[in-house]
Amino acid sequence: MRTARESDLPELQRLDEEVFQEVAYPGFLLRQLFDMYGEHFLVLDDGAGRLRGYVLAGTTALDRDSWILGLCVTHDRRRNGFGRELMVEVLARLRRGGIERVRLTVEPANRAAILLYRSLGFRPEEPDGGLRRDYFGPGMDRQVLRLELTPAR
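So for the sequence shown, the numbering used here puts the first residue at 4; every next one is plus one.
None of these hints come from the bench; they were simulated from the model. Just so you know, not all the hints are guaranteed correct.
To be verified - Label pairs and their calculated CB-CB ranges: (1) 20 to 42: 21 to 27 Å; (2) 130 to 103: 18 to 24 Å; (3) 51 to 100: 30 to 36 Å; (4) 25 to 154: 38 to 44 Å; (5) 141 to 92: 34 to 40 Å; (6) 24 to 136: 17 to 23 Å; (7) 141 to 83: 34 to 40 Å; (8) 8 to 136: 36 to 42 Å; (9) 121 to 24: 32 to 38 Å; (10) 78 to 154: 32 to 38 Å.
As the structure is a prediction and not an experimental result, all values here were calculated from the model. Every residue, glycine too, gets a C-beta built ideally from N, C-alpha and C.
Using the sequences and the accompanying hints, generate a full structural model.
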(Lines of atoms letter the chains of each structure in order from A and count residues from 1; the text may use other names and numbers.)
(Lines give C-alpha, C1' and ligand atoms only; values in the text may rest on other atoms or scores of the structure.)
Protein backbone atom coordinates (compact mmCIF):
# COMPACT_ATOMS: atom_id res chain seq x y z
CA MET A 1 0.00 0.00 0.00
CA ARG A 2 1.20 3.50 -0.81
CA THR A 3 -0.01 6.99 -1.59
CA ALA A 4 -1.15 7.39 -5.19
CA ARG A 5 1.16 9.13 -7.67
CA GLU A 6 0.29 11.19 -10.71
CA SER A 7 1.67 8.42 -12.92
CA ASP A 8 -0.99 6.08 -11.45
CA LEU A 9 -3.89 8.00 -13.01
CA PRO A 10 -4.30 5.85 -16.18
CA GLU A 11 -4.17 2.68 -14.09
CA LEU A 12 -6.58 4.18 -11.53
CA GLN A 13 -9.04 4.89 -14.32
CA ARG A 14 -8.72 1.32 -15.61
CA LEU A 15 -9.25 -0.07 -12.11
CA ASP A 16 -12.22 2.20 -11.40
CA GLU A 17 -13.88 1.18 -14.68
CA GLU A 18 -13.21 -2.51 -14.00
CA VAL A 19 -14.78 -2.43 -10.55
CA PHE A 20 -17.47 0.24 -10.82
CA GLN A 21 -18.36 -0.11 -14.51
CA GLU A 22 -21.21 2.30 -15.37
CA VAL A 23 -20.71 4.39 -12.21
CA ALA A 24 -16.92 4.71 -12.56
CA TYR A 25 -15.43 8.17 -12.24
CA PRO A 26 -14.54 9.83 -15.55
CA GLY A 27 -10.80 10.32 -16.05
CA PHE A 28 -10.96 14.10 -15.71
CA LEU A 29 -12.66 13.77 -12.31
CA LEU A 30 -10.12 11.23 -11.05
CA ARG A 31 -7.45 13.78 -12.03
CA GLN A 32 -9.14 16.55 -10.08
CA LEU A 33 -9.76 14.31 -7.06
CA PHE A 34 -6.09 13.35 -7.11
CA ASP A 35 -5.09 17.03 -7.18
CA MET A 36 -7.46 17.90 -4.34
CA TYR A 37 -7.09 14.89 -2.04
CA GLY A 38 -3.80 13.24 -2.98
CA GLU A 39 -2.66 12.62 0.58
CA HIS A 40 -5.82 10.56 1.19
CA PHE A 41 -5.65 8.64 -2.11
CA LEU A 42 -4.09 5.26 -1.27
CA VAL A 43 -3.47 2.40 -3.68
CA LEU A 44 -2.69 -1.30 -3.53
CA ASP A 45 0.23 -1.80 -5.92
CA ASP A 46 1.03 -5.39 -6.92
CA GLY A 47 4.64 -4.43 -7.73
CA ALA A 48 4.21 -5.38 -11.39
CA GLY A 49 2.63 -2.15 -12.60
CA ARG A 50 -1.01 -3.01 -11.83
CA LEU A 51 -3.11 -1.47 -9.13
CA ARG A 52 -5.36 -3.90 -7.28
CA GLY A 53 -7.33 -1.46 -5.16
CA TYR A 54 -7.68 2.06 -3.87
CA VAL A 55 -9.37 4.20 -1.27
CA LEU A 56 -10.01 7.92 -1.60
CA ALA A 57 -11.19 10.29 1.11
CA GLY A 58 -12.22 13.88 0.49
CA THR A 59 -12.12 16.46 3.25
CA THR A 60 -13.73 19.87 3.63
CA ALA A 61 -11.87 23.03 4.53
CA LEU A 62 -14.67 24.49 6.65
CA ASP A 63 -15.28 21.72 9.16
CA ARG A 64 -13.91 18.43 10.41
CA ASP A 65 -15.84 16.17 8.03
CA SER A 66 -14.66 13.75 5.39
CA TRP A 67 -16.31 11.51 2.82
CA ILE A 68 -14.93 8.23 1.57
CA LEU A 69 -15.34 8.87 -2.16
CA GLY A 70 -14.23 5.45 -3.29
CA LEU A 71 -13.02 2.08 -2.07
CA CYS A 72 -12.37 -0.79 -4.40
CA VAL A 73 -10.38 -3.98 -4.66
CA THR A 74 -10.16 -6.08 -7.82
CA HIS A 75 -12.35 -9.18 -7.86
CA ASP A 76 -9.36 -11.54 -7.69
CA ARG A 77 -8.02 -9.87 -4.52
CA ARG A 78 -11.24 -9.62 -2.52
CA ARG A 79 -11.80 -11.39 0.81
CA ASN A 80 -8.12 -11.08 1.72
CA GLY A 81 -8.37 -8.07 4.03
CA PHE A 82 -7.13 -5.51 1.50
CA GLY A 83 -10.25 -3.33 1.73
CA ARG A 84 -9.94 -3.29 5.51
CA GLU A 85 -6.24 -2.46 5.26
CA LEU A 86 -6.95 0.49 2.96
CA MET A 87 -9.75 1.77 5.20
CA VAL A 88 -7.75 1.44 8.42
CA GLU A 89 -4.87 3.44 6.94
CA VAL A 90 -7.01 6.20 5.45
CA LEU A 91 -8.99 6.51 8.71
CA ALA A 92 -5.71 6.81 10.64
CA ARG A 93 -4.55 9.58 8.29
CA LEU A 94 -7.87 11.40 8.63
CA ARG A 95 -7.74 11.11 12.42
CA ARG A 96 -4.19 12.52 12.48
CA GLY A 97 -5.43 15.38 10.30
CA GLY A 98 -8.06 16.34 12.86
CA ILE A 99 -11.08 14.92 11.04
CA GLU A 100 -13.94 14.13 13.43
CA ARG A 101 -16.62 12.58 11.19
CA VAL A 102 -16.38 10.32 8.16
CA ARG A 103 -19.28 9.47 5.89
CA LEU A 104 -19.64 7.16 2.92
CA THR A 105 -22.33 5.75 0.68
CA VAL A 106 -22.80 2.10 -0.17
CA GLU A 107 -25.20 0.21 -2.40
CA PRO A 108 -27.80 -1.26 -0.01
CA ALA A 109 -27.41 -4.73 -1.57
CA ASN A 110 -23.62 -4.78 -1.08
CA ARG A 111 -23.67 -6.84 2.12
CA ALA A 112 -19.91 -7.51 2.13
CA ALA A 113 -19.09 -3.80 2.04
CA ILE A 114 -21.70 -2.97 4.67
CA LEU A 115 -20.29 -5.65 6.98
CA LEU A 116 -16.78 -4.26 6.48
CA TYR A 117 -17.85 -0.70 7.23
CA ARG A 118 -19.90 -1.72 10.27
CA SER A 119 -16.93 -3.71 11.63
CA LEU A 120 -14.91 -0.49 11.43
CA GLY A 121 -17.53 1.37 13.48
CA PHE A 122 -19.64 2.98 10.75
CA ARG A 123 -23.36 3.21 11.51
CA PRO A 124 -26.35 4.21 9.35
CA GLU A 125 -26.94 7.94 9.33
CA GLU A 126 -30.46 8.93 10.28
CA PRO A 127 -33.17 9.40 9.22
CA ASP A 128 -34.46 6.15 7.74
CA GLY A 129 -31.39 4.07 8.58
CA GLY A 130 -29.33 6.07 6.12
CA LEU A 131 -31.31 4.96 3.05
CA ARG A 132 -31.34 7.62 0.34
CA ARG A 133 -33.61 6.75 -2.56
CA ASP A 134 -32.33 7.71 -6.03
CA TYR A 135 -29.17 9.17 -4.46
CA PHE A 136 -27.15 8.80 -7.68
CA GLY A 137 -30.19 9.05 -9.98
CA PRO A 138 -33.33 7.02 -10.67
CA GLY A 139 -33.06 3.52 -9.23
CA MET A 140 -29.60 4.14 -7.75
CA ASP A 141 -30.31 4.05 -4.02
CA ARG A 142 -27.51 4.32 -1.49
CA GLN A 143 -27.15 3.92 2.25
CA VAL A 144 -25.23 6.67 4.04
CA LEU A 145 -23.00 5.44 6.87
CA ARG A 146 -21.19 7.61 9.39
CA LEU A 147 -18.25 7.16 11.75
CA GLU A 148 -17.29 9.48 14.61
CA LEU A 149 -13.50 9.52 14.93
CA THR A 150 -11.79 9.94 18.26
CA PRO A 151 -8.94 12.48 18.26
CA ALA A 152 -5.42 11.26 17.58
CA ARG A 153 -3.15 11.04 20.61
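Tell me, in ascending order, the numbers of any earlier hints that this structure violates. 9
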